[in-house]
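Listed below, chain by chain, are the residues.
There are 2 protein chains.
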Amino acid sequence: MPHNRFYIDKALNEHSTYFIEDEELHHMTRVMRQKKNDEIELVDGKGSLAKAHIASIEKKKAEVKVASITKEKENTRKFSIAIANLKPSSLELAVEKLTELGAFEIFIFPAIYSEKEHVSNHTKNRLERHLISALKQSGRLFMPKLTYTELTEVLKRKCFFCDLQKNATKLTTLLEKEEDITIIIGPESGWHEKEKKLLLEKATICLLSPNTLRAETAAITSGAIASQMLY
Amino acid sequence: MPHNRFYIDKALNEHSTYFIEDEELHHMTRVMRQKKNDEIELVDGKGSLAKAHIASIEKKKAEVKVASITKEKENTRKFSIAIANLKPSSLELAVEKLTELGAFEIFIFPAIYSEKEHVSNHTKNRLERHLISALKQSGRLFMPKLTYTELTEVLKRKCFFCDLQKNATKLTTLLEKEEDITIIIGPESGWHEKEKKLLLEKATICLLSPNTLRAETAAITSGAIASQMLY
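As you go down the protein sequences, you meet chains Z and D in turn. Start counting the first sequence at 394; every next residue gets the next number (this note's numbering). Start counting the second sequence at 394; every next residue gets the next number (this note's numbering).
These aren't lab readings, by the way, just hints derived from the structure by calculation. Errors might be hidden in some of the hints.
What the hints assert, rightly or not - Using C-beta positions, here's what the derived DEER-type ranges look like:
| hint | chain 1 | residue 1 | chain 2 | residue 2 | range |
| --- | --- | --- | --- | --- | --- |
| 1 | Z | L593 | D | E456 | 41 to 49 Å |
| 2 | D | Y506 | Z | K559 | 40 to 48 Å |
| 3 | D | P481 | Z | K444 | 33 to 41 Å |
| 4 | Z | Y541 | D | H585 | 15 to 23 Å |
| 5 | Z | R522 | D | T422 | 26 to 34 Å |
| 6 | Z | H585 | D | N397 | 18 to 26 Å |
Said to hold, decoys possible - Using 25 Å as the maximum straight-line C-alpha spacing, the simulated SDA-like pairs for lysine to any residue come out as follows:
| hint | chain 1 | residue 1 | chain 2 | residue 2 |
| --- | --- | --- | --- | --- |
| 7 | D | K563 | Z | L418 |
| 8 | Z | K466 | D | T605 |
| 9 | Z | K452 | Z | R426 |
| 10 | Z | K403 | D | E572 |
| 11 | D | K517 | Z | K466 |
| 12 | Z | K563 | D | E521 |
| 13 | D | K538 | D | E521 |
| 14 | D | K471 | Z | T565 |
| 15 | Z | K452 | Z | L418 |
Ideal Cβ positions, reconstructed from N, Cα and C, are used throughout, including at glycine.
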């Protein structure tokens with residue numbers, strides 16, 4: 394992980410000035426102990442990596458000036474993961490690992506047996522921080538989109554869902570020819586009959602492991618396999 | 394997860410009596426609120442699943458009687474993961490997930506750049522608890538061996554190690570024909586030159602992801618891929 398890489402929530406341009414505030418400022422000055430005139434890297438999560446330097450540091454913001462930018466093209470083969478609402482610590486773990494593994498989009502939807510229907514604003518903020526930290530750590534230049542939606546919306550895409558049926562096809566086999574897919578992970582307590590029926594109609598069943606995986610393990614495992622198969 | 398499944402640290406036999414103590418007793422009576430005469434399941438991590446009932450519950454132990462046993466054969470294709478000593482929370486996460494995913498053996502060794510050389514007894518105990526809990530949760534009947542050793546010992550086996558070299562072969566491709574392999578994961582701060590040289594001599598390099606993965610993510614990711622390829 395480049396220790397002097399920071400995130401800017403705006404598309405980066407050459408020879409422009411940006412401000413670093415809030416958690417990123419704290420990380421820059423308190424954790425990484427960067428000082429005025431230090432050379433740093435900036436990422437915008439939209440494919441740009443900028444070389445910049447710190448022009449000034451004030452209490453609430455640091456001014457940083459971009460010298461040059463390199464741009465990266467996005468993968469044409471993409472995987473997204475849709476996760477039923479889980480307890481916050483499991484969601485955070487899944488979001489962090491899926492960002493490292495290169496997920497294009499992460500959907501979170503309320504399943505009928507999810508413990509809670511909605512993700513709290515506190516958790517949403519924490520998930521956002523995990524995204525940014527994993528983006529910087531992994532060296533990725535594209536940040537996954539984090540989308541709060543419904544299962545029916547997710548199912549409008551080309552979807553796979555994982556089940557323990559021994560006769561289901563392995564995810565590796567199914568992904569060989571795919572370009573752009575979404576893998577759906579259910580809640581800890583399993584799917585409701587209604588959801589199962591919908592999944593069997595609209596999505597392709599696949600086998601992830603012969604063992605029963607915790608929901609966040611299933612999410613990370615499908616990301617790991619999709620990343621190997623598509624990139 | 395079967396909510397009435399408990400772990401016995403002895404090979405299980407039919408028509409025998411066992412005692413449940415310590416953390417498993419706490420889990421049985423306080424968390425799962427099992428009572429005298431309740432039917433339960435016992436696992437020994439050695440391939441046996443027993444149907445049993447609770448004959449008595451005392452303060453320090455519960456007596457359980459086995460009625461019948463079913464035995465499972467172990468997979469002939471096996472994967473093991475060797476992890477450099479990481480901070481305890483990362484080791485715990487990796488051990489838990491690798492147990493769910495079906496690892497045969499988990500090695501922990503001190504790398505030159507590991508933060509600490511030895512795993513404390515406190516952490517060893519916690520790792521043991523994570524193994525047991527993931528064993529029960531995942532429905533597996535074989536518990537991975539947890540072995541504290543040296544890198545040179547691990548390298549006597551057929552090993553792969555993961556690196557970011559773009560020209561390395563993907564782990565999925567390498568595993569297609571393998572029967573029994575060990576994947577080595579380095580420490581957060583990377584390998585020392587001496588270790589790198591040894592790895593290049595004795596092990597096969599493989600590509601896990603185009604991104605920089607945290608050490609525990611790399612461990613889980615290689616387990617996820619090995620599990621798909623070997624089972």
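Each hint, compared with the structure:
no. : hint                         : verdict
1   : Z:L593 to D:E456: 41 to 49 Å : holds, 45 Å
2   : D:Y506 to Z:K559: 40 to 48 Å : holds, 43 Å
3   : D:P481 to Z:K444: 33 to 41 Å : holds, 37 Å
4   : Z:Y541 to D:H585: 15 to 23 Å : violated, 44 Å
5   : Z:R522 to D:T422: 26 to 34 Å : violated, 39 Å
6   : Z:H585 to D:N397: 18 to 26 Å : holds, 23 Å
7   : D:K563 to Z:L418             : violated, 38 Å
8   : Z:K466 to D:T605             : holds, 18 Å
9   : Z:K452 to Z:R426             : holds, 14 Å
10  : Z:K403 to D:E572             : violated, 49 Å
11  : D:K517 to Z:K466             : violated, 44 Å
12  : Z:K563 to D:E521             : violated, 30 Å
13  : D:K538 to D:E521             : holds, 10 Å
14  : D:K471 to Z:T565             : holds, 18 Å
15  : Z:K452 to Z:L418             : holds, 9 Å
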